Structures are given as structure tokens and as C-alpha cells.
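Participant: Same order as they appear, the protein sequences are chains U and G.
Residue numbers for the first sequence follow this note's numbering, so the first one is 1 and each next one is one higher.
Residue numbers for the second sequence follow this note's numbering, so the first one is 114 and each next one is one higher.
Hints are computed from structural coordinates only; laboratory data are not their basis.
Treat the numbers as computed from the prediction; the structure is a model and nothing was measured.
Any given hint could be a false lead.
[Unchecked claim] Estimated spans, in silico, between C-beta atoms of each pair: (1) Val44(U) <-> Asn169(G): 30 to 40 Å; (2) Leu124(G) <-> His75(U): 35 to 45 Å; (3) Thr110(U) <-> Thr223(G): 19 to 29 Å; (4) Leu196(G) <-> Val55(U): 39 to 49 Å.
[What the hints assert, rightly or not] Only some residues are given here: those of chain G computed to face chain U with a beta carbon under 7 Å: (5) Gly141; (6) Gly155; (7) Leu156; (8) Leu203.
[Stated by the list, open to error] Residues from chain G that face chain U, not an exhaustive set, calculated with beta carbons under 10 Å: (9) Thr120; (10) Arg143; (11) Gln150; (12) Phe158; (13) Gly197; (14) Cys204; (15) Ala205; (16) Glu213; (17) Phe216; (18) Gln218; (19) Gly219; (20) Arg221; (21) Leu222; (22) Thr223; (23) Val225.
A virtual CB, placed ideally from N, CA and C, is assigned to each residue, including glycine.
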Amino acid sequence: TQLLEQSPQFLSIQEGENLTVYCNSSSVFSSLQWYRQEPGEGPVLLVTVVTGGEVKKLKRLTFQFGDARKDSSLHITAAQPGDTGLYLCAGERTNFGNEKLTFGTGTRLTIIP
Amino acid sequence: KAGVTQTPRYLIKTRGQQVTLSCSPISGHRSVSWYQQTPGQGLQFLFEYFSETQRNKGNFPGRFSGRQFSNSRSEMNVSTLELGDSALYLCASSQARYTEAFFGQGTRLTVV
Numbered sequence: 001t002q003l004l005e006q007s008p009q010f011l012s013i014q015e016g017e018n019l020t021v022y023c024n025s026s027s028v029f030s031s032l033q034w035y036r037q038e039p040g041e042g043p044v045l046l047v048t049v050v051t052g053g054e055v056k057k058l059k060r061l062t063f064q065f066g067d068a069r070k071d072s073s074l075h076i077t078a079a080q081p082g083d084t085g086l087y088l089c090a091g092e093r094t095n096f097g098n099e100k101l102t103f104g105t106g107t108r109l110t111i112i113p
Numbered sequence: 114k115a116g117v118t119q120t121p122r123y124l125i126k127t128r129g130q131q132v133t134l135s136c137s138p139i140s141g142h143r144s145v146s147w148y149q150q151t152p153g154q155g156l157q158f159l160f161e162y163f164s165e166t167q168r169n170k171g172n173f174p175g176r177f178s179g180r181q182f183s184n185s186r187s188e189m190n191v192s193t194l195e196l197g198d199s200a201l202y203l204c205a206s207s208q209a210r211y212t213e214a215f216f217g218q219g220t221r222l223t224v225v
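Construct all of the structure, not just a fragment, from the sequences and the given hints.
Facilitator: In C-alpha cells form, the structure reads like this:
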């Protein structure tokens with residue numbers, strides 16, 4: 001059973017459209033990170049959210065951490081082809097569990113020019 | 114500041130052989146974690162090293178092992194390779210145990 005479920009698994013939209021990717025869990029995380037990974041490369045950290053209800057903006061990307069720190073969302077406004085990639089959320093539980101970072105199932109995003 | 118460096122980038126091995134992968138973390142980072150990424154299973158945690166000690170271990174068989182040196186560089190070893198070990202192996206470094214992780218480009222291992 002995956003601890004962090006991401007939806008949708010695949011998303012293909014036209015350039016200029018908006019989209020939201022979700023990352024959900026039944027577990028509480030002390031922090032949550034979002035990464036983007038391109039083919040053949042390692043994941044690149046986009047943002048870390050720590051406080052329940054926190055909202056962070058990175059240009060056209062808006063990240064939100066749920067109030068209960070169990071879920072997160074990534075919203076992209078006016079998507080561009082350069083946004084194409086695999087988006088991964090990863091939760092950190094510093095108080096228990098073997099895994100330092102638990103990764104989500106991933107959302108593969110394709111922006112069509 | 115140089116990023117995380119993993120070597121080699123690509124590797125082809127035969128079933129039954131063993132392999133050693135290397136990871137040089139960002140200068141000053143003391144924590145190194147290893148992950149296996151496959152299309153079917155996604156990113157799976159292998160182990161974490163901090164100050165030359167293994168701190169956490171994922172659910173992988175004993176064929177997977179690792180170590181960390183005094184300069185924080187880390188190696189992971191897979192013995193008796195199986196076809197299912199074909200994957201992208203990623204290394205991530207952090208300044209401390211529970212801080213942001215920065216990934217290397219990975220080593221693509223193919224077992225034939």
C-alpha cells in the first residue's frame with residue numbers, strides 16, 4: 001500500500017491551461033516536498049512546505065499543505081511546455097518510521113504546445 | 114557549488130554479477146540516502162547514511178548494502194544481480210538528517 005497517493009497519475013493538457021495535482025495520505029507528515037523529474041535525470045526539489053495550511057508560490061506554481069498536514073496540492077497556472085515532467089510529492093516523518101522520505105506515486109504531466 | 118555526483122551514469126551487468134555504485138554528496142552535506150526507481154514501483158527507499166553509520170534501511174533484501182566514508186562519499190553494492198534489479202538508482206544528500214534532499218542524476222543499471 002502506497003503511503004502517499006498522487007492524482008491524477010497521468011495528465012496531458014494544452015499550453016495555457018491550468019491544472020492541479022493532488023498528493024494524499026492518511027498519515028501526518030512533518031513536512032512535504034515537491035519535486036520535478038525529467039527523463040534520465042534525478043528529481044529536482046521545487047518546494048518544501050512545513051506548516052499546516054501553508055501556501056507557497058513559485059512563479060506560476062502554487063503549493064498548498066493541508067491543514068492537517070496529510071495532503072498537499074500543486075496548482076500550475078497557464079501551463080507551458082517546460083512544465084512537462086514527472087511531479088513527485090514526498091513526505092517526511094521525523095518521529096517514526098524507517099523511511100526518511102516517503103515518495104508519492106507520481107504524476108506524469110505533458111503540456112502540448 | 115557542485116551538486117550531487119553519481120558514477121557511473123550507465124551500467125550493464127549480467128545476472129549473478131555484483132555492482133558498486135558511487136555517490137559524492139554536496140560539499141558539507143553529511144547525510145546520504147539511496148533510492149531505487151522503477152516504472153512499476155516508483156521511488157523506493159533503500160537506506161540512509163549519516164556520519165558513516167546506516168541510520169535507516171528500506172525493505173530490500175540483504176543483497177543490497179552500502180557504506181559511507183569519512184568524507185561523506187557513499188557507495189552502494191548489489192550482489193548476485195537479478196533481472197528485477199534493473200532500475201535507476203538515485204542518491205540524495207542533505208546537510209543533516211531531516212533537511213531538504215538534493216538528488217544526483219542517478220545511475221541507470223541494466224541487468225541482462
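Participant: Go through the hint on Gly197(G) and say holds or violated, using the shortest Cβ distance to chain U against 10 Å.
Facilitator: violated, 19 Å
Participant: Could you check if Leu156(G) really has its C-beta closer than 7 Å to a C-beta on chain U?
Facilitator: holds, 4 Å
Participant: Mind checking the CB of Gly155(G) against every CB in chain U and telling me if the closest is under 7 Å?
Facilitator: Where the cut-off is 7 Å and the nearest Cβ of chain U is about 6 Å from Gly155(G), the hint holds.
Participant: Taking 30 to 40 Å as the hint, is the beta-carbon distance of Val44(U) and Asn169(G) inside that range?
Facilitator: For Asn169(G) against Val44(U), whose Cβ atoms are near 23 Å apart, the range 30 to 40 Å is violated.
Participant: Does Glu213(G) hold up as a contact with chain U if the rule is Cβ-Cβ below 10 Å?
Facilitator: holds, 6 Å
Participant: Can you verify the interface hint for Leu222(G): is its Cβ closer than 10 Å to any Cβ in chain U?
Facilitator: violated, 13 Å
Participant: With a cut-off of 10 Å on the beta carbons, see whether Gln150(G) makes it to chain U.
Facilitator: Holds: closest Cβ of chain U sits about 9 Å from Gln150(G), inside 10 Å.
Participant: Assuming the hint says 39 to 49 Å, is it satisfied by the Cβ distance from Leu196(G) to Val55(U) or not?
Facilitator: Taking Cβ atoms as reference, Leu196(G) and Val55(U) lie about 45 Å apart, which means the hint holds.
Participant: Going by Cβ atoms only, is Thr223(G) closer than 10 Å to chain U?
Facilitator: Given a least distance of 13 Å, the restraint on Thr223(G) is violated.
Participant: With a cut-off of 10 Å, does the beta carbon of Ala205(G) approach a beta carbon of chain U closely enough for the hint to hold?
Facilitator: holds, 8 Å
Participant: Under 10 Å, Cβ to Cβ, is where Arg143(G) needs to be relative to chain U, so tell me if that hint holds or is violated.
Facilitator: At 13 Å from the nearest chain U Cβ, Arg143(G) fails the 10 Å test, so the hint is violated.
Participant: Using the nearest Cβ pair, does Cys204(G) come within less than 10 Å of chain U?
Facilitator: With a minimum Cβ separation of about 8 Å from chain U (threshold 10 Å), the hint on Cys204(G) holds.
Figure legend: structure checked against the earlier numbered hints; hints not met, in rising order: 1, 5, 9, 10, 13, 21, 22, 23.
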